[in-house]
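**Student:** Protein chains in written order, with the working numbering: chain A, 1 to 125; chain B, 1 to 144.
Just so you know, the hints here were simulated from the structure itself, not pulled from any lab data.
The structure presented is a predicted model; accordingly, all values stated were derived computationally and were not measured.
Careful: at least some of the hints might be erroneous.
[Said to hold, decoys possible] Simulated restraints on C-beta separations: (1) B:47 x A:98: 18 to 24 Å; (2) A:4 x B:61: 18 to 24 Å; (3) B:141 x A:98: 35 to 41 Å.
[Stated by the list, open to error] One side only, chain B facing chain A, incomplete, derived with CB under 8 Å: (4) 50; (5) 74; (6) 77; (7) 80; (8) 94; (9) 97; (10) 102; (11) 105.
[To be verified] In silico lysine-lysine, DSSO-like type, Cα no more than 30 Å apart, as pairs: (12) A:112 x B:49; (13) B:122 x A:112; (14) A:35 x B:122; (15) A:121 x B:97; (16) A:112 x A:125; (17) A:35 x B:104; (18) B:122 x A:72.
Where is the CB? At the ideal position from N, CA and C, for every residue including glycine.
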Amino acid sequence: MKTISELSVVVVDDSDFYRGIINSMLQEIGVTNIKEAASAEAALIVLSQFTPDIVITDIVMPEISGIELTEKISQTYPDIGVIVISSLSQEHIVLEAIGAGAGDFIAKPIQKQQLLDSLEKLSNK
Amino acid sequence: MEVLKPIELTRISELKILQNVRLIHRQDLNPVFSKENLRVQFEITGEVKGAITCYLCLDNEDLEPIERNYIFPLFVEAMNILVGRQVSLDDELNSYKLSLSTPKLSMIPKEINTSHRILTQKYELELMDRSFTVLTEYSLTAIN
Chain A
1 MKTISELSVV VVDDSDFYRG IINSMLQEIG VTNIKEAASA EAALIVLSQF
51 TPDIVITDIV MPEISGIELT EKISQTYPDI GVIVISSLSQ EHIVLEAIGA
101 GAGDFIAKPI QKQQLLDSLE KLSNK
Chain B
1 MEVLKPIELT RISELKILQN VRLIHRQDLN PVFSKENLRV QFEITGEVKG
51 AITCYLCLDN EDLEPIERNY IFPLFVEAMN ILVGRQVSLD DELNSYKLSL
101 STPKLSMIPK EINTSHRILT QKYELELMDR SFTVLTEYSL TAIN
């Protein structure tokens, strides 16, 4: 089991601004090995070169959604934990994310403690 | 007229979204006129179709380019979160399966007169000791 500071994380969000917010929160809670991707396609390229412990992905992105990305990660990289984030938190969306293979779901705006709890939950698996 | 105490809806970094009036109908709305507006539109698909449009009213706000570069993406993300929360917490909308599109941005250099609109909500957005008026407009139809 890795500690929080040992985790490697890829953050996927088409919003530069929100990627920045998540990146800052991760650094504040002690994660230093962080990579970013501005789309699901870019994330898949990152994953072909680097295997993180956890991927944090937004759902709403152009072309490939975060749900489709989660499915691809679950099929191709089953050891990577996926945290799905979304501004919509309707039950069907949460179930869709979990059904696609997400280990956790966080509704925006993300709070630092939620992110920490989620990382600990997935790193304990 | 009763003055409602603003309710803090959400906070992202140093931005606060305050809701002054829960729902503004045409008859009890103080018209808001604004000639320079940033418009962000989210298309809704699924069992409900339509759009939710958010306006950041920038009249009389002399923003430096560096401020715009900070405030605009913050506004877009704030509206994404606000709209997502409203849809998820609204009893009626929450019963439908729907999806939000990515936000579409544009500057609207024309007047918005909310007195002609039926379903508009008004917020105050506080950021860097400044306050901006934000309007959200719902145009949604349930698909049978």
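**Student:** For every hint, state whether the structure bears it out.
**Tutor:** The hints, checked one at a time:
1. For residue 47 of chain B and residue 98 of chain A, the hinted distance range of 18 to 24 Å is satisfied, since their beta carbons lie about 21 Å from each other.
2. Between residue 4 of chain A and residue 61 of chain B the CB atoms are about 41 Å apart, so this pair departs from the stated range of 18 to 24 Å.
3. Between residue 141 of chain B and residue 98 of chain A the C-beta distance comes to about 30 Å, which lies outside the given range of 35 to 41 Å.
4. Below 8 Å, beta-carbon pairs count as interface contacts, and residue 50 of chain B has none with chain A, the closest being about 15 Å; its hint is therefore violated.
5. Nearest Cβ of chain A to the Cβ of residue 74 of chain B: about 6 Å, under the 8 Å cut. The hint holds.
6. Interface hint status for residue 77 of chain B: upheld, as the beta-carbon distance to the closest one in chain A is roughly 5 Å, under 8 Å.
7. Restraint check, residue 80 of chain B versus chain A: the minimum CB separation of about 5 Å is within 8 Å; hint holds.
8. For the restraint placing residue 94 of chain B at the interface with chain A, the shortest Cβ-Cβ distance is roughly 6 Å, inside the 8 Å limit, so the hint holds.
9. This hint holds: residue 97 of chain B has a C-beta 5 Å from the nearest C-beta of chain A, less than the 8 Å allowed.
10. Given the 8 Å rule on beta carbons, the hint for residue 102 of chain B holds: about 6 Å separates it from the nearest Cβ of chain A.
11. Annotation: residue 105 of chain B was flagged as interfacial toward chain A, and the flag is violated, the nearest CB pair being 12 Å apart, outside 8 Å.
12. Under the criterion of a C-alpha separation no larger than 30 Å, the hint pairing residue 112 of chain A with residue 49 of chain B is inconsistent with the structure, at around 34 Å.
13. At roughly 29 Å between alpha-carbon atoms, residue 122 of chain B and residue 112 of chain A fall within 30 Å of each other, so this suggested pair holds.
14. Proposed proximity of residue 35 of chain A and residue 122 of chain B is contradicted: the alpha carbons are some 38 Å apart, above 30 Å.
15. With a C-alpha separation of about 28 Å, the suggested pair residue 121 of chain A and residue 97 of chain B falls inside the 30 Å cut-off, and the hint holds.
16. At roughly 21 Å between alpha-carbon atoms, residue 112 of chain A and residue 125 of chain A fall within 30 Å of each other, so this suggested pair holds.
17. For the given pair, residue 35 of chain A sits about 26 Å from residue 104 of chain B by alpha-carbon distance, which is consistent with the 30 Å threshold.
18. For the proposed pair residue 122 of chain B and residue 72 of chain A, the alpha carbon gap of about 41 Å is over 30 Å, so the pair is violated.
Checked against the numbered hints above, the structure violates hints 2, 3, 4, 11, 12, 14, 18; every other hint is satisfied.
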